[in-house]
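Let the hints inform the model, and build the full structure from the sequences given.
Numbers 1 to 228, taken from full-length UniProt numbering, label the letters of the sequence shown in order.
Be a bit skeptical, because a hint or two may be false.
[Stated by the list, open to error] Subject to a maximum C-alpha distance of 20 Å in a straight line, what follows is the list of computed DMTMM-like cross-link-like pairs (lysine to aspartate or glutamate): (1) 85 with 23; (2) 85 with 17; (3) 38 with 17.
[As the list claims (entries may be wrong)] What follows is a set of in silico ranges between Cβ atoms, one per label pair, in the way DEER data are often shown: (4) 67 with 15: 25 to 31 Å; (5) 83 with 138: 35 to 41 Å; (6) 65 with 191: 14 to 20 Å; (7) 83 with 54: 35 to 41 Å; (8) 126 with 167: 18 to 24 Å; (9) 83 with 60: 19 to 25 Å; (10) 67 with 12: 48 to 54 Å; (11) 10 with 167: 20 to 26 Å; (12) 28 with 163: 26 to 32 Å.
If you're looking for bench data, these hints aren't it; they were derived computationally from the structure. All residues carry an ideal CB built from backbone N, CA and C; glycine is no exception.
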Amino acid sequence: MSFTFKWPRFSDQFHADAIQMLDSALNKGNKPPVIADKIEVVELEMGTQPPELEVRDIGELTTDQFRGIFRLTYEGDAHIVLRTKVQANPLNHKQPDIHMLGGSRGMLAAKHPLVVPMLLRLSHFKLDSYVVLVVSRQKGITLVFKTDPLQNVDINSTFDSIAVIQKFIQREIEGQLRQMFREDLPGIIHRLSQQWVKAKVEAPYLNNRPPAPPRLRTTAVSDTGVPP
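Now the structure itself:
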C-alpha cells in the first residue's frame, strides 16, 4: 500500500521559517576548510511533486496519533540556492584532488588563498529510505530516517567550468547534506509541523468566539419625563 498526498504551494511564512532552520543546520559544527564564510540559503523552492510513502508496518493507529514504518521515495523538482565564500586557491588544502589545481590552466598559485563569493544550486534530489513516521494531532510530525536517504543531487556552482573544483565541491556538499538529513532534518520537520498544529488548534477558537453581549442603549430623560 502506498500513499499519495497533496503538495500545496507553501506559505511565505513556511518558507521563511524553513530557510532560517536550514541556515542554522548548514552552519552548525565544522565546515569544510574550503568554505570561508557562513552558508546562506537565498532560495528555497519546494517544487510541485510530492514524495511517496509505501507502508511497511503500522505500529499504532488512533484518532489522535499514527505510527508506522514506511519506504519514502522522492524524485521531484525542488531546489535550493546557497550563497557562501570559498578559498579559490587550493594550496593550503591537503586533499589530493585540490593539489591537482596547482597546475590547472588558468589558475595562479599564490601564497595566501583568494576568497571569492560562490552560488550553489542544489536540484534533482533523489531520495530513497526507510523511515519511522509518527503523526500526532497534538505534537506534530516526527520523522526518523533508518537508512541514508540521499541517492543523488545535482550541484551547480560558480566554478562548474573547472572540473576538479566542481568534483571537490560536489563531494563536500553531498557529505554536508547526508549529515543534515541524518541529524538536522528530522528536527526541522518536527518544529515546522508543531507550528502547523498550533495554527490548526488555535484557528477554531478564533472562528467560534461567542458573540459580544448586546449593548444597552440609555436615553437621558428630562424632568418632564420627555426625552430631550
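Hints and how they fare:
Between residue 85 and residue 23, the direct Cα distance comes to roughly 15 Å. Compliance with the 20 Å bound is thereby established for this hinted pair. With a CA separation close to 24 Å, the supplied pair residue 85 and residue 17 exceeds the 20 Å bound. A hinted pair counts as satisfied when its Cα atoms are at most 20 Å apart, and residue 38 with residue 17 qualifies at roughly 18 Å. In this structure, residue 67 and residue 15 meet the distance hint of 25 to 31 Å, their C-beta atoms being roughly 29 Å apart.
Taking the beta carbon of each, residue 83 and residue 138 are about 38 Å apart, inside 35 to 41 Å as hinted. Checked against the hint of 14 to 20 Å, the C-beta distance between residue 65 and residue 191 comes to roughly 18 Å, which is consistent with it. The hinted range of 35 to 41 Å is satisfied by residue 83 and residue 54, whose Cβ atoms lie roughly 36 Å apart. Separated by about 19 Å at the C-beta atoms, residue 126 and residue 167 satisfy the suggested range of 18 to 24 Å.
In this structure the supplied range 19 to 25 Å is violated for residue 83 paired with residue 60, their Cβ-Cβ distance being about 43 Å. Range check, residue 67 to residue 12: Cβ separation about 32 Å, and the 48 to 54 Å hint is violated. Against the hinted window of 20 to 26 Å, the Cβ-Cβ separation of residue 10 and residue 167 comes to about 33 Å, which falls outside the hint. Range check, residue 28 to residue 163: about 30 Å between beta-carbon atoms, so the 26 to 32 Å window is met.
The structure fails hints 2, 9, 10 and 11 (numbered hints given earlier, in ascending order).
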